[in-house]
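Colleague: Could you build the full structure based on these sequences and the hints that come with them?
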Amino acid sequence: MSIRKRSKKAGLAPGTLIHMGRAKTGATRIDLVEYDESHLEARSVESIEQCLVKKPLPTVTWVNVDGLADLEVLRHFGSCYGIHPLVLEDILATDQRPKAADYGEYLYVVLKMITLDGESGELKSEQVSLVLGQNYLVSFQEGLEGDVFEQVRSRLNNEKARLRAMGPDFLLHALLDVIVDHYFLVLEEISDRIEDIEDELIDNPTTATVQAIYRLKRQLLFLHKAFWPLREAVSSLQRRDSQLIRDTTVIYLRDLYDHTVQVLDTLETLREMLSGMLDIYLSSVSNRLNEVMKVLTIIATIFMPLSFIVGLYGMNFKYMPELEWHYGYYMVLFLSALIGGGMLVYFKKRRWI
Amino acid sequence: MSIRKRSKKAGLAPGTLIHMGRAKTGATRIDLVEYDESHLEARSVESIEQCLVKKPLPTVTWVNVDGLADLEVLRHFGSCYGIHPLVLEDILATDQRPKAADYGEYLYVVLKMITLDGESGELKSEQVSLVLGQNYLVSFQEGLEGDVFEQVRSRLNNEKARLRAMGPDFLLHALLDVIVDHYFLVLEEISDRIEDIEDELIDNPTTATVQAIYRLKRQLLFLHKAFWPLREAVSSLQRRDSQLIRDTTVIYLRDLYDHTVQVLDTLETLREMLSGMLDIYLSSVSNRLNEVMKVLTIIATIFMPLSFIVGLYGMNFKYMPELEWHYGYYMVLFLSALIGGGMLVYFKKRRWI
Amino acid sequence: MSIRKRSKKAGLAPGTLIHMGRAKTGATRIDLVEYDESHLEARSVESIEQCLVKKPLPTVTWVNVDGLADLEVLRHFGSCYGIHPLVLEDILATDQRPKAADYGEYLYVVLKMITLDGESGELKSEQVSLVLGQNYLVSFQEGLEGDVFEQVRSRLNNEKARLRAMGPDFLLHALLDVIVDHYFLVLEEISDRIEDIEDELIDNPTTATVQAIYRLKRQLLFLHKAFWPLREAVSSLQRRDSQLIRDTTVIYLRDLYDHTVQVLDTLETLREMLSGMLDIYLSSVSNRLNEVMKVLTIIATIFMPLSFIVGLYGMNFKYMPELEWHYGYYMVLFLSALIGGGMLVYFKKRRWI
Amino acid sequence: MSIRKRSKKAGLAPGTLIHMGRAKTGATRIDLVEYDESHLEARSVESIEQCLVKKPLPTVTWVNVDGLADLEVLRHFGSCYGIHPLVLEDILATDQRPKAADYGEYLYVVLKMITLDGESGELKSEQVSLVLGQNYLVSFQEGLEGDVFEQVRSRLNNEKARLRAMGPDFLLHALLDVIVDHYFLVLEEISDRIEDIEDELIDNPTTATVQAIYRLKRQLLFLHKAFWPLREAVSSLQRRDSQLIRDTTVIYLRDLYDHTVQVLDTLETLREMLSGMLDIYLSSVSNRLNEVMKVLTIIATIFMPLSFIVGLYGMNFKYMPELEWHYGYYMVLFLSALIGGGMLVYFKKRRWI
Amino acid sequence: MSIRKRSKKAGLAPGTLIHMGRAKTGATRIDLVEYDESHLEARSVESIEQCLVKKPLPTVTWVNVDGLADLEVLRHFGSCYGIHPLVLEDILATDQRPKAADYGEYLYVVLKMITLDGESGELKSEQVSLVLGQNYLVSFQEGLEGDVFEQVRSRLNNEKARLRAMGPDFLLHALLDVIVDHYFLVLEEISDRIEDIEDELIDNPTTATVQAIYRLKRQLLFLHKAFWPLREAVSSLQRRDSQLIRDTTVIYLRDLYDHTVQVLDTLETLREMLSGMLDIYLSSVSNRLNEVMKVLTIIATIFMPLSFIVGLYGMNFKYMPELEWHYGYYMVLFLSALIGGGMLVYFKKRRWI
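Chains as they are written, first to last, in full-length UniProt numbering: chain P, 1 to 353; chain W, 1 to 353; chain B, 1 to 353; chain X, 1 to 353; chain Y, 1 to 353.
Hints are not guaranteed to be accurate.
[Said to hold, decoys possible] Heads up, incomplete: computed chain B residues facing chain W, CB under 8 Å, no partners named:
id	residue
1	Ala13
2	Leu17
3	Glu72
4	Tyr81
5	Lys225
6	Phe227
7	Leu289
8	Met293
9	Leu296
10	Ile299
11	Phe303
12	Gly314
Hints were generated in silico from the structure; no laboratory data involved.
Since we're looking at a predicted model, the values are computed, not measured.
Glycine included, C-beta positions come from ideal geometry on N, C-alpha and C.
Modeller: Next comes the structure, spelled out in structure tokens:
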């Protein structure tokens, strides 16, 4: 969730390929799926050149690259498909703002894939770059630890799925859709935790509660930053006159756009709820302070005058007529009870107790 | 009022029909009304196919479907009328953002119907989907527990009502209008409660008061989220060049648009009032703390020096000349009164009492 | 200043005439003024039909209707002049948002007339509806208690006034102008009160001060809600290609538009001033708490150790050598003075006193 | 800095000339400058008619009117130059919002000239109206106490100045430029004072500090209100297709526009700095309260148990074995030191001291 | 980081050259680089006239001027290249708002170069002006202390660099890019410091922590002010139909635009994080106050009643039967333990301890 280091890039020529992600080590894994309505072939390949044998239409080629450590893969990809060096640079620079850019021959979409670590409750974000061509789609993922595309793969295996009958632009929609759906999952998780904290807030709020609120606030801030530009990107895809997006797909992209707006709405709602909770917390802290102070004041107001009285008759003056009185002691006891009781009545009247 | 679970949908093919609402069990109930200026026939039907016999113009067919548990109804509806699968999916996904979408042959409007449970004070929201065709209107409601359309039905029974003489687009307006009017009812309720809390705030504010303010704030937040997109939707209906909206209806939709703007205005006003109340509350809590502390300080400031004096003459030193004085004790009493009185004058001057 | 009840309207057919205002009883009073450059005739009439004899141009007819209780008046007006039922409904629904709507044959403007009750300091708002036709202007006022149009009437009586030589659109401008000017009057009043409260805030702020600030805040909120849409309405009038607005009047409407912007500016300034005052108040409350606590702490810090010392020598141990010392008592006195003085020096150094 | 009284204007016919400014008394002073590239003549004149002899081009006539008390001057000006009555009214109404309005034959610009009184630190604002015609510029100033135009006059005296060679539109730019530059001067002053307060805030903040912050906030609010609309006005001048603005001047107006944006930027920055300072102040007040309370608590926590112990052995029971012990007194002293020291260690550990 | 003094400029003719920067003394240093794809020549020159010998295309001339103290350099530059006096004035006025202005023959870009002083943590800002012509680029820097262009120079030395093969518009992009990249570096620094403060906030927050937060807030405010207008400037460059920007460069400018948006995003995120931290701080201060007050109240509530009891039996009344009891003293001890223990149980139950 912190800011990625761009320092090493400062001043380099644009288009210089430098890996900025976290997972520097580890192999780069390339998966290839080729399909049309009747056939589907999926295999792992060694190098990206093997994927680049262009198949005749309507066969769709989906190349999924996991891990960005191997710069050679990117260079080959760039030179074979004629991808602009700035796009290659963007794929590597894993702190990209989500966007969709039309380069005529191909369309470049970059966004964040979000998952929530169940145990630590930490958000994990991984950059996904999608390059859509006439009959291919290449997806680049930052990490190797798995992705959210499993369901798309199983839909592809189903021969009757609409996905099989349509072009790579529909595959693009499917991948974007599943990523956006995962934002919903994360927001549901966060919403559950907000409800937990809410109960805590009423029962027994502590400083840990505030820190939890604050941590959630930052996660929402992070999600907002990662998601907000996506709305614009999807909106531009849906309006796109690019011939790469078929008319039948546009209606699905509009549906996707509705989903992105809904994610943002939910984000906004959760943020306002958290703000309200902070207010509740602060007002409950003030209230408890008030209560504590009332207890202190009541005790002091009752016992300070009494201590004065008993101190008075503890003085050692030679001539103190009350000391000689037979009922002097009982009078002091009575007076004390009177003062104490009177104070209690007074506090009752002021609604302090 | 919480976020609906979309989890089960993540990664499914778009257009997959899955029920997301709460009321999964229970039958789906279908009511059919067919009317023109001179005739009206209303009956319950078993299956939706029975409604789909297209009547010649100007007869208007209104099919009202209560409950979304029976997916077959939707499938039949979709295939007979040629409704896009994404629309069917949206009807089922009961966490839709309000919107109006033009599909050429038909118009799809989705929004939230709001009622306020009188006893618990809980908001209840139910999704209503309206599909407007050339000579039919199909309305889908999420729940079975009744709706706000009763008044529209009785207006339909009145042969002279303008509603009878006009097309299904006017019926669409009538249904939207009655839903928007119910937002006014809910806001009036909330406004009454705000006034109650306001009185409480001045008389005797407690933590419960803050929690009530907060609960109302969240209800308004929820209403805002449910209503805000409706303005855009109605605005698009009113501008619509769709041939499904007749010119005579447009002026009524403009009137409806004014109502939606007014609902939003009222929402905004109520939210600002609640914010102001929180400020009042916090400042009154600080004030009371101040008052409590003043009482404590006054008591302590008066009795601590006095206790010191009486303690002084309670010492057991052999040689303490004052102890021998005949009027020593009275001097202490006089001194105590002087100090106490002087303190009171001082506090009076500083306006503490 | 509260929300008007729309409940009774929920679900009724649009255009149903139901009175929503407060002044249900009392007669409806109709005043008629007919004028051109050389003649003027003003009289009260019994029923609105009498006003509706259309005079040849350039005679201007101004009908002013006070009170909306008599629904017949509206019905007649509507049928004679061909006014749309929705407009008639809007005239009656006295919680309208200010707006200007062009119906081709006539122009409908609705807004709030604001006065401030001198004694109670309560805002009074009354809805004014203006219907401008080719050669007539009909104004509807909610209440019977007088209006702000007196000055317009006296200008009409002056034969040389520009008002007499121009059409009903200029009369419309005159009425709008005088209503907007009254907002200035109200804002001046409120501004004076803010200055009073400001002085109070520095001299001796109490909870009543906060409540006064809060009341003013709500009044400004209410004024903002009542006025804000007027800017749009006047702006649309000034741009209007409606042939009902003559070119010579447009420049005056632009001037009126400048005034509305200025009212909004002033509203905004006053609101920000009030917010700043709340901050001042809160910080002064904290400061006084600080001061109170300092007094308490100083007293306690001086006298608690002293009380310990005198308590020490009040003990009844058999063997306490100091008690036998001749100057023991004076030593304690000296020690007490030393400790007390030392504490005071310490507090002086810490700038507590 | 308060709201000007418009009360007397309410309901008057538009274009009625009524003086609203503060300086009602005092003569109106008229200065005339006529210049072209080779000649310049400057003189005071008695009445405005003397200025109105139109000179042949390229001679530029600049008439500067100081003081608005003499309504005749305005009336003459209006009738000779064919100025619209609403413009004359605006010149007199000294609470105008800055604006630029194109009346074809002439251009009307109105804005606020700001100076800061060095001693009292009060802002002084004076309305300046500028009427630009084909070969003349008339400037109206509200007050008589001098202006900021001196430097423009001395530039005019310099024969080689670009100002001499160009038309009255360049003179308009020069006057606007010098007024905008004075906003910078005022903001620099305020910025210096903010820095002073900042030092105070860290050294020794008092209630006076908050009031100073608040006063500056209000001054910035006032400046913002007076300046904000000017941006729009200058922007419209620069885009103006009015033939009164020559092409060579447009580039200078664009430069002026940049300056207005910069003034607004600076205003915004200063406002945010002040807000931050209030936060600092409040948090430092809370901190000091915390500190004060810690001192009190430490003292009370140490001496209350000790007082109990010495009180215990001050009791007069017949049978109290400790009293007879030889080292009883020393034990109490030792115990007291132990308890006191233990408490101090405990507080040290909790980082209270 | 303070506001630069514009005072001396007020009222001067536009285009008057006055040095406003800080580094008034010191020589002005001029560096000249001439290059095309095959040749590169770099040298320092004495006066700017030496740079102005126009080379034939495609040779690119880059003149870098360090220090603005020598006004002659600017005057020569202006007259040789036909630069508008207002541009020369802008180059000198080192408080310019970033902008890009198209003057047809040349393009003027001005922006702030930011560095962060490692030790003091102070931001340093230096104005950079860039004038782009057909085959030259002139860059003006305010100070002499070095710049961020070193990497661009070394890229120029590399014969194979794309920079060598392209025109001066690509050099413009390279310089802008390296400046924007330095904003990232500064933001990373600030982000690191925010994380440090965050740890401090949880461990042991002090007033110094708030002041550090506040200082960072002001730095971000300053950065925002310096950077925000740059987005617009770069956006206008990228859309520019100026023939000075070649089509091949536009795609790089779009990339640069993405970077500026990202800088602004990051700025916004950091600002929200700081705001959240202030909330955390305030709530932790209130919490600690609460804790302190609880300790005080617990101590007082336990020992005040006990002190009353022991005081009671320290009274010197003649007739006090308890004093004679054999176990009186032990009863008091027992009673004290009972009261103290009871109080502790009570506080435990209220969760105070």
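Colleague: State for each hint whether it applies.
Modeller: Going through the hints against the structure:
no.	hint	result
1	Ala13	holds (6 Å)
2	Leu17	violated (14 Å)
3	Glu72	violated (20 Å)
4	Tyr81	violated (17 Å)
5	Lys225	holds (6 Å)
6	Phe227	violated (12 Å)
7	Leu289	holds (5 Å)
8	Met293	holds (6 Å)
9	Leu296	holds (4 Å)
10	Ile299	holds (5 Å)
11	Phe303	holds (4 Å)
12	Gly314	holds (4 Å)
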